[in-house]
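Colleague: Sequence:
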Amino acid sequence: MDLLHELNSPQREAVTSTEGPLLVLAGAGTGKTRVLAYRIAYLVGPMGVSPHDVLAVTFTRKAAGEMRDRVRSLVGDVGHGMWIGTFHSICARILRYEARSLGFPPNFTIYDEHDQAALIKQVLKTEEKSETRGSPAGILSRISAVKSQLIRPEEFRARATGHRDTELARLYEAYEAGLRENNALDFDDLIVMPVRLLRANDQLLDRVSGRFRYILIDEYQDTNFAQYELIRLLSSGHGNVCAVGDDDQSIYQWRGADVANILNFEKDFPGTRVIRIEQSYRSTKTILAAAQAVIKNNRRRKDKELWTANPVGRKIGVNGVLSEEEEGAFVAATIAELVKDEGKTLSDVAVLYRTNAQSRAIEDALRRQGMPYILVGGTRFYERKEIKDIVAYLRVLVNPADSISLRRILNVPPRGIGDVTMSRLESHAVEQDISLLEAIEGSGRIGEIGPGIRRKLADFVSLIDGLKSAAASGSIGELISTVAEDTGYIAFLEDQGTPDAVARLENVRELAAGAYEYEERAEEPTLEAFLEEISLLMDIDMWDNTGERVSLMTLHNAKGLEFKAVFLAGVEEGLLPHHTALEDDAEVEEERRLFYVGLTRARERAFLSIATSRRGFHGFLTRSVSRFLHEIPPEHVEYLSDVYEAYGRGGADDGNYSGEEIVIQVGAWVKHPDWGIGRVKACEGYGRELRVTVDFGHNNVKKVLARYAGLEPVDEGEV
DNA sequence: TACATTGCGATCCGT
DNA sequence: TCGCAATGTA
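Throughout the first sequence, residue numbering follows the working numbering, covering 1161 to 1879 in sequence.
These are calculated hints, taken from the structure and not from any lab test. Since the model is a prediction, treat every value here as computed from it, not as a measurement. We put the beta carbon where it would ideally sit given N, CA and C, even for glycine. Treat the hints with care, since some could be wrong.
Claimed, not checked - No farther apart than 20 Å at their CA atoms in a straight line, the calculated lysine to aspartate or glutamate pairs in the DMTMM-like style are these:
1) Lys1475 - Glu1683
2) Lys1628 - Asp1704
3) Lys1464 - Glu1497
4) Lys1616 - Glu1638
5) Lys1464 - Asp1501
6) Lys1462 - Glu1688
Unchecked claim - If you anchor each label on the Cβ, the simulated ranges turn out as follows:
7) Trp1829 - Thr1432: 53 to 61 Å
8) Lys1281 - Ala1493: 43 to 51 Å
9) Phe1264 - Ala1493: 16 to 24 Å
10) Asp1593 - Asp1366: 48 to 56 Å
11) Trp1829 - Arg1681: 45 to 53 Å
12) Gly1857 - Arg1460: 18 to 26 Å
13) Arg1528 - Glu1743: 19 to 27 Å
14) Glu1795 - Glu1497: 18 to 26 Å
15) His1739 - Arg1460: 40 to 48 Å
16) Pro1532 - Arg1324: 45 to 53 Å
17) Leu1262 - Ala1632: 42 to 50 Å
18) Gly1857 - Ala1517: 33 to 41 Å
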C-alpha cells in the first residue's frame, strides 16, 4: 500500500507496529504528527480496524481536528465514530456517557480557574481564620498538585506531617466538598474522576477499555500522573498503546506534567518497543545545530542526535535593542524585509515570547507598520466578564446546584440585591442544608429579609423559571439572546453608552453567533455540550493561519507548530529563563526546553531579540542577555547590532555593570559606592538613556545615567 | 443597605 | 494595566 512509501524507515516501523506497547521518541520536526495520522489510517485502512476501536489523545482540540482531517485525506471519510480529542474532552465525554449507569449527575458544571478561585475564597471565609497563608491561586495550585497525584483529601490529611500540610488538607477537603455541593468538576476532576470510577468498577473498566482497542497519545511528555494512570487502565486488557513524545519538549511540568511518564514508559508497559525518529525535516542545519547545542546543557534528558538533510541555511539573527519599542520596530522592519527580499508571506512568520504581556509592544509596532497580525492568547473570549455573566445564567439553567455561577448573576445586572442579602441567603442555605437557589426560592420564609428585597428575589426566581422554559425549547443561540434580553443585560449595557459597553454588547452578540455556529456543526447539539466545549476551549484552538497575518503567541502556545520564520522576543535573563525559575535547576531546565521548543519552530529563519531595558510595573528593568544565547555556538549566530557586545558579552563599558538585573523605580532605594544610600526621585528615558534623579540626603541630589552610575538596589532592611 | 469610586497590589506559562 | 478590596455616599 502506497501509504507507507511516503515514510522513512523508523516512521514506517512506528506506523506498522500496531500490537503491544510502543514508545515513539520523536524529536522536533521529525514528523510525529504524521506518524500518528498514518498509524490511524493504517489501522482503519489496511488493517480493517473499526474506527470505533481507536482512541487518539492530542494536546489541543485543534491538533485533534487536524489529525482527523489528515486521516480522512489518507483513507477517506471513515473517521466518524473515532474518538479523537484532548484528555479533558474525552474524559468529559466518558463521564457524561457513563454518568447515568453510575448514579452520577450528568449535568455537572466544569469550573475554570476563576470559578475555582471563587470557591476557594468561600472556603477560606467559612473555615476558621487560622493563618491561611498564600493566595487563593497558590492554594489551588497546591491542591491541584496533590489531586493530580490521585491523592484524596482523607489520604492527604492522614499522611500530612507539617502544619502547612495539615492546613492544606483541611482546605482541600472543604474545597472538594464545595465542588460536590455545586455539582461541579474542576479540570483535575475531569481526569481523576474517570480514573477513580474505572479503578472501583470492574464492569465499567471492561466496558470502556474493551471499547478502545488501539490507543494513541500525542505529546506524552506533558501528561501528568492521573493521565498516565488513565491510559494504563484503558489499555490494561490489550496493551495496544502508542505514545509519541519528546522529553526535550516537556514544558508543562509547572502544571503537574511528569516527565517520568515518558522516561519510565518501558518499565510501566512491559514488552514496550521503542522507536527513535531522529531525522528532522523541519529546520535548517544551522537552526537544528543551535537548538541541539542548547538543549544538551540539560542534565535530565534522554540523549539523542537529531540530524537533517536540509540545507545549512542562514545564521540566526541576534539583535540587541534598548527597549520594547525598539524590539517591536526591529521585528516589524525585519518582517517587511523577509517579505520583500525572500518572498515570505505574513502567515510564514511567528513572533514568540515568554509572557503575554510582551505582546503589546510587538502589536503596537506591527500596527504602526500596517502589518496585519493574529494574536493567540491574552484575555480569552470566554473569560471576558460579559461572556462569563451570560454563561453563568446558562450554567444555572443546566445545573441549579451551581451556586458559584448563581452568586455571580444574582445581582448582575444590578437589581438591588446586595452583599448583606447575599450573606443572609447563604447562611440560611447552610443552616437548612439546601442549595443557594432553593434558599432564594424560599426567601419568603427568611425573617431577616425585608419585603422589598423579597419581592426582588421573587422576581429573580420567576426570571430564572422563564429562562428554564426557554431553554427547554428552541435553539441555544436563541436562548442566549433571550437570556441577554430578559435579564436586562442588554439594556444595562446600552444605558452605559460607553465605548467599552458597546464592545461588550458586540461580544454578547458574538457569543450567540458562536452558539448558532456550534449548533450547525455538532451532531447532537445540547446546551450541556456547548458549555463543556467553551470551558475546554484553548486559545490556540481558535487560531487559523490561513489569513495573511503574522502570528503572535507565547512559546507554550507555539508547541507543535512550525513557521518559515520565527522571532523569539525577549531572550533575556529574567524573562527566558523567567525570573521565577532562577532558583531551581529543574525549572531552569524547563525554561531551556521552552527556548528549544521556540527555536525549533523555525524552518528557515530565526531571529532573537534582547531588550536591555524593559518597562516594569512602575520603573524599568535592566536586563542582560539570556544564558541560552551564550549556549549557541558563535558560528551559528549573526549579530545584527553592536549593542549585544556592549552590554551582554563585554559586561559594561565602564566596568561597573554587574550583569545582574537591577530594578530602577521611583521610590526605590539604591546604593552608590561614593554617595551612599539614596532614594530615586524620578526616572526618564530608558536603556542607555535612562536617567534617574537620586536623593542621597544632606542636600546631595544627583541626576545620573542609571546604567553607568554604579547604582545597586538596596534591601528595605538596610535603609 | 446598595452602589459608585478610589486606591492598591499583583502579574509567567494554561487544561 | 487591570481587577478586586476597602471606603465613601445616597
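Colleague: Compare the structure with each hint and give your call.
Modeller: Hints, verified against the model:
1. Our distance criterion of 20 Å between C-alpha atoms is broken by Lys1475 and Glu1683, whose separation comes to about 50 Å.
2. Of the pairs offered as hints, the one joining Lys1628 and Asp1704 is violated, with about 36 Å between alpha carbons and a cut-off of 20 Å exceeded.
3. Of the pairs offered as hints, the one joining Lys1464 and Glu1497 is violated, with about 36 Å between alpha carbons and a cut-off of 20 Å exceeded.
4. With a C-alpha separation of about 26 Å, the suggested pair Lys1616 and Glu1638 falls outside the 20 Å cut-off, and the hint is violated.
5. At most 20 Å may separate the alpha-carbon atoms for a hinted pair to count; Lys1464 and Asp1501 exceed this at roughly 36 Å.
6. Note on Lys1462 and Glu1688: the hinted pairing is violated, with a Cα-Cα distance of about 43 Å set against a maximum of 20 Å.
7. Restraint check, Trp1829 to Thr1432: a C-beta distance of roughly 58 Å satisfies the suggested window 53 to 61 Å.
8. The hinted range of 43 to 51 Å is satisfied by Lys1281 and Ala1493, whose Cβ atoms lie roughly 47 Å apart.
9. Distance hint check for Phe1264 and Ala1493: the Cβ-Cβ separation is about 58 Å, which falls outside the suggested range of 16 to 24 Å.
10. Checking the proposed 48 to 56 Å range against Asp1593 and Asp1366 shows it is violated: the Cβ atoms sit about 38 Å from each other.
11. The hinted range of 45 to 53 Å is not satisfied by Trp1829 and Arg1681, whose Cβ atoms lie roughly 59 Å apart.
12. Taking the beta carbon of each, Gly1857 and Arg1460 are about 50 Å apart, not inside 18 to 26 Å as hinted.
13. Taking 19 to 27 Å as the suggested C-beta distance range, the pair Arg1528 and Glu1743 does not conform, at roughly 38 Å.
14. Judged by the Cβ atoms, the range 18 to 26 Å given for Glu1795 and Glu1497 holds: they are separated by roughly 23 Å.
15. Remark: the range hint 40 to 48 Å for His1739 to Arg1460 is contradicted by a beta-carbon distance near 22 Å.
16. Checked against the given bound of 45 to 53 Å, the beta carbons of Pro1532 and Arg1324, roughly 50 Å apart, stay inside it.
17. Take Leu1262 and Ala1632: their Cβ atoms lie about 25 Å apart, and the range 42 to 50 Å is violated.
18. For the pair Gly1857 and Ala1517, the beta carbons lie near 36 Å from each other, so the given range of 33 to 41 Å is met.
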